[in-house]
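J.: Spelled out from the first residue to the last, the chains are:
Number of protein chains: 2
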Amino acid sequence: MPSDFISKRSSTLSPFYVMDILAQAKKLSQQGRTIYHMEVGEPDFATVECIVDAGIDALKQYKTHYTPATGIPELREAVAEYYERKFSVKIDPQRVVITPGASGALQLAMICLLDAGENVLLSDPGYPCNRNIAQVLAVESKTIPVSSLSNYQLDADLVARHWTDKTRAVMVATPSNPTGTLLPEDQLKELCQLVEQKNGRMIVDEIYQGLVYDADDYTALEISNECFVINSFSKYFGMTGWRIGWMVVPEFYIDAIDRIAQNIFLAPPTVSQYAALTALKESTQSVLDERRDEFKKRRDFLLPALERLGFAIAAKPQGAFYIYANCESFTDDSFTWVKQLLDEQGVALTPGIDFGSHLANKHCRFAYTQSLEILEQAVDKIDAFIQR
Amino acid sequence: MPSDFISKRSSTLSPFYVMDILAQAKKLSQQGRTIYHMEVGEPDFATVECIVDAGIDALKQYKTHYTPATGIPELREAVAEYYERKFSVKIDPQRVVITPGASGALQLAMICLLDAGENVLLSDPGYPCNRNIAQVLAVESKTIPVSSLSNYQLDADLVARHWTDKTRAVMVATPSNPTGTLLPEDQLKELCQLVEQKNGRMIVDEIYQGLVYDADDYTALEISNECFVINSFSKYFGMTGWRIGWMVVPEFYIDAIDRIAQNIFLAPPTVSQYAALTALKESTQSVLDERRDEFKKRRDFLLPALERLGFAIAAKPQGAFYIYANCESFTDDSFTWVKQLLDEQGVALTPGIDFGSHLANKHCRFAYTQSLEILEQAVDKIDAFIQR
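From first to last, the protein sequence lines stand for chains U and S. Residues in the first sequence are numbered consecutively from 4, following the working numbering. Residues in the second sequence are numbered consecutively from 4, following the working numbering.
Hints were generated in silico from the structure; no laboratory data involved. Since this is a predicted model, take the numbers as computed values, not measurements. Wrong hints could be hidden among the right ones.
As the list claims (entries may be wrong) - Think about it this way: if two alpha-carbon atoms lie no more than 25 Å apart in a straight line, the pair counts; the simulated DMTMM-like pairs of lysine to aspartate or glutamate are:
id : chain 1 : residue 1 : chain 2 : residue 2
1  : S       : Lys-29    : U       : Glu-310
2  : S       : Lys-201   : S       : Glu-293
3  : S       : Lys-145   : S       : Glu-188
4  : U       : Lys-66    : S       : Glu-293
5  : S       : Lys-342   : U       : Asp-258
This is chain U alone, in the form it adopts within the complex (with noise of 0.2 Å):
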């Protein structure tokens, strides 16, 4: 008889309870019921035309070999002129790591900034594979729970309070996953001043850089050129399946995160990295910029419409596609009721469980990841939950 052990960083991860939503969905589906999945992280648009011709050319010229661990070099530059066209920032192309989707950009920050038994500040609520790579890193996690106080952000003052002698670096993101606020340019630069006042790193995850919609977009780089900064073709690129992501390092850990990536990854997809040279092509910013006015839209409607259901949004969502509402005047249990809604209504959502544990039985997240006649449906059907 083998021996059915599993090493503790894996037992005690943290499980998605959209993964019950969506074995409900599929269920629900296979009876021929009509699902509005508003549960989905991902664009619901396919690659543009012209970001797919690439790859296609790509292949047809047998782009099929390794690349460097760090990637092509002419996509680091492109993602160094990128910077400059769209920011006015000049960046070191080889401060530039192209890597295996975003995820695979935290796997090196962390690995390259934390030991085992140290930790990295978060926040409550905040995207949980953030928190779940440092566990299986052996790195601890501290979430800090954060509010509308802070636009659900850390800031300057949370972080200095949640500080502890083992802490190496802080997380953040902006725009944010689930609540879809940015983090003020201010409040970074303090929280980054105090940050390098302690010793540590920042981390900065931008992988919703591009959809933002009332505000102006900028990053992490204009204020410094020592934080890590993440980003991703998946999201405003319109990139998923093809999983390939970015960081900017600051210039003293180039060689370290070359050598872990070499280690963990070997290289990027190739033909995903030929693609995303055209994703960063001027020409293609257009058809981009197109989209993200579709989900301006889509937010434009889903967020009054939310609120006139009775939802509390205590930040307006400025960016990603996410409005991460407070649903308290209908329940104090947030999954059973996402379960329940999908049950009766057929109206898919991820339990505010998922992102944190700070006052997540009253929340839950709403992605606007369809077109809108679906979504006013959707809120026809929550409507009719509401009133039953």
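Fit chain S to the known structure of chain U by using the hints.
T.: Relative to the frame of chain U, chain S by itself:
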């Protein structure tokens, strides 16, 4: 002033010495010198046409979204069918996990089996990324010197002697990198029995499966359903840059592996998965086998040629595309020797030190990932270097 600190697990990661060789080769090449690349662990062939065409078709159909974390069901089923066709073993497709390369698979296995401070047993010499992935996961790798007495592989006796109360897993590779030797079925059977007695788990790396020249190929799955069996589309299937592999896991671990994969990768690259479907087709096998036969021809030329030059090759390499040669008739510092060989004759090899420390300075690795014609020229160059 920011604080330039780095985690211990990163700063103590051993470098790849072959990177110095590569840098030197690049410099010489830019000076117009001809370089004979025998250091490269990647087939020289591009991906075969029908697989590339399948990738193009997938893109034309806009297969650009995320897939499930463990891969598209049809590919998991195709892998299971492949085992049945090739080895007459029946595997539940649920046990097949599609991964971003074998590196991804190894990360999943180690995270699932080992906590920080526990250890995995590995052979020395062995593939360096295995111990480095362990290290970045805060897992200790205990390397065990092996020789031709055990086919440069671990055996039950060696493992029994090195087992500690912190040991959770034993990793073997057949065929092996750097030695190209196989792990005889009986030897693996004994290993599995011992590891089961010790309440540990076996991780079997079969990424060079299919590239076996004299012996009958087999899979650990013929022996046990309780091993973690890692495979890849990179080597026999020639899909290196696509970053796609797979792992067959014992039934008990299916859910845990799925959850870890969701967190650390989200999903393997989509287009690579569709292309891999064609790689597994029976109709593709003849082209892949022709390439395998070409590798065999190269080995059949290179092995006696190196022996004639005075290299000692203690265990006949029967698979992969490597020869691990003892060069102590020429040097007791193979790294310096390899650098001189490159400098004087333009032949690039990998020094033994990249694969461990056991007699590493007396060994170097030859990769026969170049045409016979180039290998012949390289052998003449090495001859001239030795005779100088």
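J.: Regarding the pair Lys-342(S) and Asp-258(U), is the alpha-carbon distance no greater than 25 Å?
T.: holds (22 Å)
J.: Keeping to a limit of 25 Å between CA atoms, is the pair of Lys-201(S) and Glu-293(S) held or broken?
T.: violated (42 Å)
J.: Lys-145(S) and Glu-188(S) were given as a pair; does the straight-line alpha-carbon distance stay at or below 25 Å?
T.: Holds. Lys-145(S) to Glu-188(S) sits at ~23 Å (cutoff 25 Å).
J.: Within 25 Å, alpha carbon to alpha carbon, are Lys-66(U) and Glu-293(S)?
T.: holds (21 Å)
J.: Would you mind confirming whether the straight-line C-alpha gap from Lys-29(S) to Glu-310(U) stays at or under 25 Å?
T.: violated (62 Å)
Of the numbered hints given earlier, the model fails hints 1, 2; all others are met.
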